[in-house]
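Construct the complete structure from the given sequences, taking the supplied hints into account.
What follows is each chain in one-letter form.
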Amino acid sequence: MSPLRAYGPILLLGAALASMPFFAASNTLLNAMVLALVIALAAQGWNILGGYGGQFSFGHAAFFGMGAYGTALLQTRFGVNAYAAFAAAVALGSAAGLAIGYLSFRSGLRGSYFALVTLAFAEVFRILANAWPFTGGAAGVLIKLDVRAETFQFASRAVYFWIALGLVVAVMLINRSVERSRFGAWLVAIRENEDAAKALGVDTFSVKLKAITLSAAITAISGAFYAQYFLFLDANIAFGPWISVEALLAPIIGGLGTVFGPVIGALGLHFVAEITRAVAGRVPGIDLALYGTLLVVMVAFARDGIIGLLTKARARLFGSRA
Amino acid sequence: MFAPDIILAAVLNGLMTGAVYALTAVGLTLVYGVLHIINFAHGAILTAAMFAAFFAWKIGIDPYVAVFALAPIFFALGYALQRFVIGPSSHGEDRNILLVTLGLSIVIENLLLAAFRSDTRSIDVPYGFSVIDLGFTFLSVPRVVAFAASCAAAAILWLILAKTDTGKAIRAVAKEKLGASLVGIDVAHVYAVTFGLGAACLAVAACLLLPTFYVHPRVGNAYVLVAFTIVVLGGMGSVPGALLGGLFIGVVESLSGLFLGESLGQIGIFLIFILVLLVRPTGLFGARA
Amino acid sequence: MSADAILSVEHASKRFGGLLAVDDASLVARRGRITGLIGPNGAGKTTLFAMISGFIVPTAGRIMFEGADVGGLPPHRRAVAGIARTFQIVQPFAGLSVRDNIAVGAHLRRSARAEALAKADEVAALVGLGDMLHRPASDLTVSGRKRLELARALATDPKLLLLDEVLAGLNPSEVRDVVPVIHAIRDAGVTIVMVEHVMQAVMSLCEDIYVLAQGRIIAAGAPREVTRDPKVVEAYLGHGAAARIAAREEAARG
Ligand SMILES: Nc1ncnc2c1ncn2[C@@H]1O[C@H](COP(=O)(O)OP(=O)(O)O)[C@@H](O)[C@H]1O
Ligand SMILES: [Mg+2]
Numbered sequence: 000m001s002p003l004r005a006y007g008p009i010l011l012l013g014a015a016l017a018s019m020p021f022f023a024a025s026n027t028l029l030n031a032m033v034l035a036l037v038i039a040l041a042a043q044g045w046n047i048l049g050g051y052g053g054q055f056s057f058g059h060a061a062f063f064g065m066g067a068y069g070t071a072l073l074q075t076r077f078g079v080n081a082y083a084a085f086a087a088a089v090a091l092g093s094a095a096g097l098a099i100g101y102l103s104f105r106s107g108l109r110g111s112y113f114a115l116v117t118l119a120f121a122e123v124f125r126i127l128a129n130a131w132p133f134t135g136g137a138a139g140v141l142i143k144l145d146v147r148a149e150t151f152q153f154a155s156r157a158v159y160f161w162i163a164l165g166l167v168v169a170v171m172l173i174n175r176s177v178e179r180s181r182f183g184a185w186l187v188a189i190r191e192n193e194d195a196a197k198a199l200g201v202d203t204f205s206v207k208l209k210a211i212t213l214s215a216a217i218t219a220i221s222g223a224f225y226a227q228y229f230l231f232l233d234a235n236i237a238f239g240p241w242i243s244v245e246a247l248l249a250p251i252i253g254g255l256g257t258v259f260g261p262v263i264g265a266l267g268l269h270f271v272a273e274i275t276r277a278v279a280g281r282v283p284g285i286d287l288a289l290y291g292t293l294l295v296v297m298v299a300f301a302r303d304g305i306i307g308l309l310t311k312a313r314a315r316l317f318g319s320r321a
Numbered sequence: 000m001f002a003p004d005i006i007l008a009a010v011l012n013g014l015m016t017g018a019v020y021a022l023t024a025v026g027l028t029l030v031y032g033v034l035h036i037i038n039f040a041h042g043a044i045l046t047a048a049m050f051a052a053f054f055a056w057k058i059g060i061d062p063y064v065a066v067f068a069l070a071p072i073f074f075a076l077g078y079a080l081q082r083f084v085i086g087p088s089s090h091g092e093d094r095n096i097l098l099v100t101l102g103l104s105i106v107i108e109n110l111l112l113a114a115f116r117s118d119t120r121s122i123d124v125p126y127g128f129s130v131i132d133l134g135f136t137f138l139s140v141p142r143v144v145a146f147a148a149s150c151a152a153a154a155i156l157w158l159i160l161a162k163t164d165t166g167k168a169i170r171a172v173a174k175e176k177l178g179a180s181l182v183g184i185d186v187a188h189v190y191a192v193t194f195g196l197g198a199a200c201l202a203v204a205a206c207l208l209l210p211t212f213y214v215h216p217r218v219g220n221a222y223v224l225v226a227f228t229i230v231v232l233g234g235m236g237s238v239p240g241a242l243l244g245g246l247f248i249g250v251v252e253s254l255s256g257l258f259l260g261e262s263l264g265q266i267g268i269f270l271i272f273i274l275v276l277l278v279r280p281t282g283l284f285g286a287r288a
Numbered sequence: 000m001s002a003d004a005i006l007s008v009e010h011a012s013k014r015f016g017g018l019l020a021v022d023d024a025s026l027v028a029r030r031g032r033i034t035g036l037i038g039p040n041g042a043g044k045t046t047l048f049a050m051i052s053g054f055i056v057p058t059a060g061r062i063m064f065e066g067a068d069v070g071g072l073p074p075h076r077r078a079v080a081g082i083a084r085t086f087q088i089v090q091p092f093a094g095l096s097v098r099d100n101i102a103v104g105a106h107l108r109r110s111a112r113a114e115a116l117a118k119a120d121e122v123a124a125l126v127g128l129g130d131m132l133h134r135p136a137s138d139l140t141v142s143g144r145k146r147l148e149l150a151r152a153l154a155t156d157p158k159l160l161l162l163d164e165v166l167a168g169l170n171p172s173e174v175r176d177v178v179p180v181i182h183a184i185r186d187a188g189v190t191i192v193m194v195e196h197v198m199q200a201v202m203s204l205c206e207d208i209y210v211l212a213q214g215r216i217i218a219a220g221a222p223r224e225v226t227r228d229p230k231v232v233e234a235y236l237g238h239g240a241a242a243r244i245a246a247r248e249e250a251a252r253g
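Chains as they are written, first to last, in numbering that gives the first Met the number 0: chain A, 0 to 321; chain B, 0 to 288; chain C, 0 to 253.
Wrong hints could be hidden among the right ones.
Stated by the list, open to error - Derived DEER-like restraints, expressed as beta-carbon distance ranges: (1) F229/A <-> G178/B: 54 to 62 Å; (2) A301/A <-> A75/B: 23 to 31 Å; (3) V56/C <-> A15/A: 29 to 37 Å.
Unchecked claim - Derived list of chain C stretches under chain A, where covered just means 3 residues or more per stretch with a C-beta under 8 Å from a C-beta of chain A: (4) 8-20; (5) 63-75; (6) 109-118; (7) 187-193.
To be verified - Non-contacting residues of chain A with respect to chain B, defined by C-beta distances greater than 10 Å in every case (computed): (8) A15; (9) F55; (10) S103; (11) S106; (12) E122; (13) D194; (14) F231; (15) D286; (16) A299.
The hints are simulated quantities; they were obtained by calculation from the structure and are not laboratory data. None of the values given here were measured: they were computed from a predicted structure. Note that CB positions come from ideal geometry on N, CA and C, so glycine has one too.
Given below as structure tokens:
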């Protein structure tokens, strides 16, 4: 694949979305888009490890929360500049990924065991953050409202939208370059057959460690951005199961182990949620119930996600292109 | 520190709770032992069973009576769920089963949330606060009942597995799926029966929990993580391991609640969980190879 | 260890619970030659390969590769050192294309994607998968999958190639296609150790043969000598394998 064909569509999609605030600038819509992009980011992170690497984490909230709490606490407790706090929080999230990955992969955890241990780590963080006075306990943390570019706070939602979009596009470009690298080839090989990968000289432990570190970093970016956008978080938001679920759901709906999958999935899910709310009203839980149904239906009938369906449709329309 | 009798009381209370934990864990470990999957919908099914018990009580049926109807009903539900949803939709791939059961748990939990909102409900049975005086401490009667009944349920399950033809088929499939299917055992049926048994255990646990506990749409989450811990601790797939593990975790929770305070009490469990997963994923108590 | 030995297995044993799958086995693979490892089913051949390639840790004994003890190295480090293996039960990356499968192997010594793909194309052509490059590995026939195993291992540029029954399940004409490929690999300087049941191929390819039965090396030498060794015939007959081999040879001829 030529670089143009590899990276062109990503930039095109980015440009198209970036123009949105000029046509539809309602705060509600922008707000919804920002949230969808935050989910997309978290999902892009999950997709590195889960989609390409086949290691399904049920606890990416651990990294999202590290990003969110890191950003918020460094600013509120230590007066660190917002941008520096953001960067440090991402480093913290990836360190958490490295640590959890080191412990679990060294013990050879895979499949359900890996899902369980990640879930447990996220829960431990949630309970700790909920109880520890330093993290604000159950009351959570509030970042002081101070709308200035220096504090990473903006009056216009469109600015947040562009930043979030920029991050999502940047991560798509990173993902594409991963796909075209040796690291990516090895990661996919591990997903497909770990023993065969080992026999071909793949250091599966170190490749998985790299993957979870990158994965955690991206999801931490999502968490840090979330904190910066809403200026408030508590343990159930930052380390709660909701984000673990959304982070894995979006790539599965969109297409596992693809560049566009998590983004399409996150936007699609949001769209579905909005429609549900419009139809069913604000009944709590109804959107998640639908998400769960979608998850089962996708696994049952469309394991390659929306991307897979589109590829199949294209193949049917234009004849299969190898 | 604490006086010995307070600690002893905490241990006794832990054992009471632990027995119910053990019952929830037995269902999970049984399913793991046979299907080699972790049923992430386990907590949600428990929640559903607790709601069922709650509404049974609403129409005047005591949970201790309702259990005799709910256990078979949940057996049937579990059977159907595995046979018609989880089995076909996962195409026999472990990764898919993981996701399908996760999806089901989300669906069940949130449908309950949509229907009943997040209110916490509890029932008010006449024996709710009756106690047995042991001199140094009091034991709540419903918890003693829960302890005894959990042990009885585990014993019945053991009898089913050990003595009935279905039980033998289940054990055969757990050992050697291919071989079992070659000698004519209907593996899909056995899977579904196993799943049904797991769900029936949850229905029993739900009826035992309700008199001293409350129900809301996410109540199962607390239990399921505990159940996971027990299953891992006892060795995935080991029923005796789950029983021992349940009692152990009950005591650990009770003691760490005593020493660390309520909100951190669960941390003890998770730390054990993570430690066991990392250090000895095959469990502490004589796990299967 | 003789000077031209690239691999020498010294008194290796592997115990699985009560079963001694490999029992004090020693063998030497000479550089640039094809060494055969034959023996009835369950003799321990695959287990021995797994010890050489690092997937199974021996209960006792040493694995010397190019003069160094590699016994403590994990599988991927042995691949880096130059030991490649195929799996008797094929292990394709089922969701990937044939080309991407082979490229994983090629990446071992090539970090650039383009180079790895070019190497994959080259190796695919060599093993006769040139026209299957873009098909998913799951589309391949038995023979295609065996070739894929071979291609992936070859793409790592090994010094020593362990082939575990790459000819099993192939029909005689497919066997006739693959035999020259193995010859060509050897001629390119790769030392080969092969486990094989297709005796005709063993006889025509191997310069040295070891016979394993119930975990023990019971005979070693040139193909003609070994097959005349009464211990060997007995080992096979004991397991009823001689008749099967004869039948296969018959089929291969007919
Ligand atoms: N992982 C294992 N655990 C227990 N027994 C094994 C294992 N692998 C192989 N065996 C046993 O070791 C013996 C040798 O097997 P194997 O090396 O596959 O023989 P071969 O390749 O010569 O047919 C057989 O009896 C087999 O059942
Ligand atoms: Mg073999």
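Here's how the hints hold up against the structure:
1. F229/A <-> G178/B: 54 to 62 Å: 56 Å, holds
2. A301/A <-> A75/B: 23 to 31 Å: 30 Å, holds
3. V56/C <-> A15/A: 29 to 37 Å: Cβ of V56/C to Cβ of A15/A: about 55 Å, so the range 29 to 37 Å is violated.
4. 8-20: The restraint on the stretch 8-20 of chain C is violated, since only 0 of its residues have a Cβ under 8 Å from chain A and three are required.
5. 63-75: With 3 residues close enough to chain A, the hint holds.
6. 109-118: With 5 residues close enough to chain A, the hint holds.
7. 187-193: It is violated, with 0 qualifying residues against the three required.
8. A15: Correct as stated: the minimum Cβ-Cβ distance to chain B is 31 Å, above 10 Å.
9. F55: The claim is violated: F55/A sits with its nearest Cβ about 6 Å from chain B, within 10 Å.
10. S103: 7 Å, violated
11. S106: Given a closest Cβ separation of 5 Å, the condition is violated.
12. E122: 6 Å, violated
13. D194: 16 Å, holds
14. F231: 20 Å, holds
15. D286: Violated, because the least Cβ-Cβ distance between D286/A and chain B comes to about 8 Å, which does not exceed 10 Å.
16. A299: It is violated; A299/A is separated from chain B by about 3 Å at its closest Cβ, not greater than 10 Å.
The structure shown violates the earlier hints numbered 3, 4, 7, 9, 10, 11, 12, 15 and 16.
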